[in-house]
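2 protein chains.
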Amino acid sequence: MNELKLLKKILPSLKQCRDVVVGPGDDCAAVENGDSLLLLAADQLISDIHYLPDTPPAKVAAKLLKRNLSDIAAMGGTPSYAVLTIASSRDDEAWFLEFYRGLNEAAQQFNISICGGDLATLPDNFTGDGEILSLSITGRVKQKNICLRSNARAGDLLYCTGCFGNSFATEHHLDFIPRLTEGSWLAGEYTIAAIDVSDGLLLDLERMAVASQLDVVLKLEKIPLRNGADIDSALTNGEDYELLFAVPKEIAEKMEKRWNFPTTRITCIGEFTNSGNGTIYDSSGKNLSNSTNKGYEHNT
Amino acid sequence: MNELKLLKKILPSLKQCRDVVVGPGDDCAAVENGDSLLLLAADQLISDIHYLPDTPPAKVAAKLLKRNLSDIAAMGGTPSYAVLTIASSRDDEAWFLEFYRGLNEAAQQFNISICGGDLATLPDNFTGDGEILSLSITGRVKQKNICLRSNARAGDLLYCTGCFGNSFATEHHLDFIPRLTEGSWLAGEYTIAAIDVSDGLLLDLERMAVASQLDVVLKLEKIPLRNGADIDSALTNGEDYELLFAVPKEIAEKMEKRWNFPTTRITCIGEFTNSGNGTIYDSSGKNLSNSTNKGYEHNT
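Residue numbers (my numbering), protein chains in the order written: chain A, -18 to 281; chain B, -18 to 281.
Just chain A, same shape as in the assembly (with noise of 0.2 Å):
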């Protein structure tokens, strides 16, 4: 199943009611709620794919929870609420005890409730012991502060948080902290165009120029390596969980003086230049938007 594929033809054909500001296809939905936007998104982790069978459990629930928090950040959001269910083969008191303890945790460091869900058993064609975790949130941003993937200008210098590839083994897709006080800190002041990287760099990448219908020039010497990783994990693998945003150029040098997250580095890794249809190019003009493996295919 190509899940992307399929979302085109399906997300445009969901009615959205007047008051809804952004429907499907951003990292969260926006709808009009008195002098703010409500925010909306939902997003899933599945054992064997997300996570292994031994991870330990408070982290698998703090996973869940960051997961979607990266959402809100990337909209320059606060989060406030979050409803889960979990749908598990696992007959295991113990493991749901400490789920639960470590996204009670999770919930308190970022300052949201919990409070509500459903927990289902899965029926015997599910093997092993496992499950499907699917976690709701609501957050809050200003109207004038909302930052969309479709809000990039030409001449927007490309910037990033932190760095890339190589998740996976070194367990960052597991201890990661959500951008949230920088995303909401550069929302509305320095930009309004940003995306979170769960998918991979360059296919988030995409998604951003796509929606922002310009072209990428995508400095490659730049881009920041987490340890271990070379620049075809760090523009494919995903689960880094960082921020790409626009920044227009004439407030790019206040931007970098000001910013005072000392643990989140920033670095400016290209440009949005002409308008058009989200290609994106190396320095020397090489077209990156044509490798057959950009990440991972599977969020709207």
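The hints are simulated quantities; they were obtained by calculation from the structure and are not laboratory data.
Possibly wrong hints are sitting among the right ones.
Note that the list lumps identical chains together, so a pair holds whenever it fits in one copy or between two copies.
[Said to hold, decoys possible] Straight-line alpha carbon distances no greater than 25 Å define the calculated DMTMM-like cross-link-like pairs of lysine to aspartate or glutamate that follow:
no., residue 1, residue 2
1, Lys(-4), Asp99
2, Lys200, Glu252
3, Lys(-10), Asp72
4, Lys203, Asp263
5, Lys123, Asp0
6, Lys123, Glu13
7, Lys(-10), Glu74
8, Lys(-11), Glu86
9, Lys(-11), Asp72
10, Lys123, Asp16
We have chain A; now place chain B onto it with these hints.
For chain B alone, coordinates are given in the frame of chain A:
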């Protein structure tokens, strides 16, 4: 796995922020949101448990949405937005197109927006065609109108909408209409205590009685039976998606007179009696709470 016992241990440990008015354990959570409350709920459908492999996908989609709408109805609320995740082993584009067509149709029928989600492929340890579908919904209700499981008072009459039992064989579990207009009409004016019956009349009534710290006399002979159902099926089968609600005796007659939903019958099927632990008796004084099979014990 006994989900109910496990959740009893887990849910109280989840820390809630101050603006959470109703936390986990009711049909929806409710949080402060301007001049009304924001309702949040999540529920899932699993193939081979909640529907058959050959159930038409549009009906599966509608059930997924309506099951969540029934939770909003039980709180007296009006639904607004939904997001969903799908984890599927199916390689069948037509199935998904039909699923989303049905989802879109149901969403328009109930005036809500499906505004985001995720679609992923199940790993190989899931055999056959099937999926885990998880949907989260938001809604709104005025604080003075909110209906809680815990709000029944001694002396209140117990009413139900519709009839019970035999939901699978009659396909009621696919074709039901969530009691949104009825719930919203009742809320605040005639009741502030309601629950929807998804896991079984006896089990869901017991939840309401336990939450309200009252015992109940249930008049078995009054319970309306669906075509082909006997009283055991009506008490325990579940998937009825009807409302149980408590009405103060002094306004019950007025409520019955003003009831103006010709296709939805209401029936007085009992009474909340003295303070207690949530024990359910029949009219002869027999304790029904000791039944070994009370229903599907898998929901929060």
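Now for the hints, and whether the structure bears them out:
In the homo-oligomer, the alpha carbons of Lys(-4) and Asp99 lie at most 25 Å apart only across protomers (17 Å), although the nearest pairing inside one protomer, at 27 Å, exceeds that limit. Taking the closest pair of Cα atoms, Lys200 and Glu252 come within 25 Å of each other only inside a single copy of the chain (8 Å); across copies the shortest separation is 73 Å, beyond that limit. For a Cα distance limit of 25 Å, the shortest separation of Lys(-10) from Asp72 across copies, 16 Å, qualifies, whereas the shortest one inside one copy, 39 Å, does not. Taking the shortest alpha-carbon separations for Lys203 and Asp263, only the intra-copy value of 11 Å comes in at or below 25 Å, while the best inter-copy value is 75 Å.
Proximity of Lys123 and Asp0 under a CA criterion of 25 Å is satisfied in both settings, with 15 Å inside one chain copy and 19 Å between copies. Both within a single protomer and between protomers do Lys123 and Glu13 lie at most 25 Å apart by alpha-carbon distance, with minima of 10 Å and 18 Å respectively. Taking identical chains as interchangeable, the C-alpha atoms of Lys(-10) and Glu74 lie at most 25 Å apart only when they sit on different chains, with a minimum of 10 Å there against 41 Å within one chain. Taking the shortest alpha-carbon separations for Lys(-11) and Glu86, only the inter-copy value of 19 Å comes in at or below 25 Å, while the best intra-copy value is 37 Å.
Taking the shortest Cα distances, Lys(-11) and Asp72 sit within 25 Å of each other only across copies (16 Å), while inside one copy they are farther apart (38 Å). For the homomeric pair Lys123 and Asp16, the shortest alpha-carbon distances inside one copy (7 Å) and between copies (18 Å) are both at most 25 Å.
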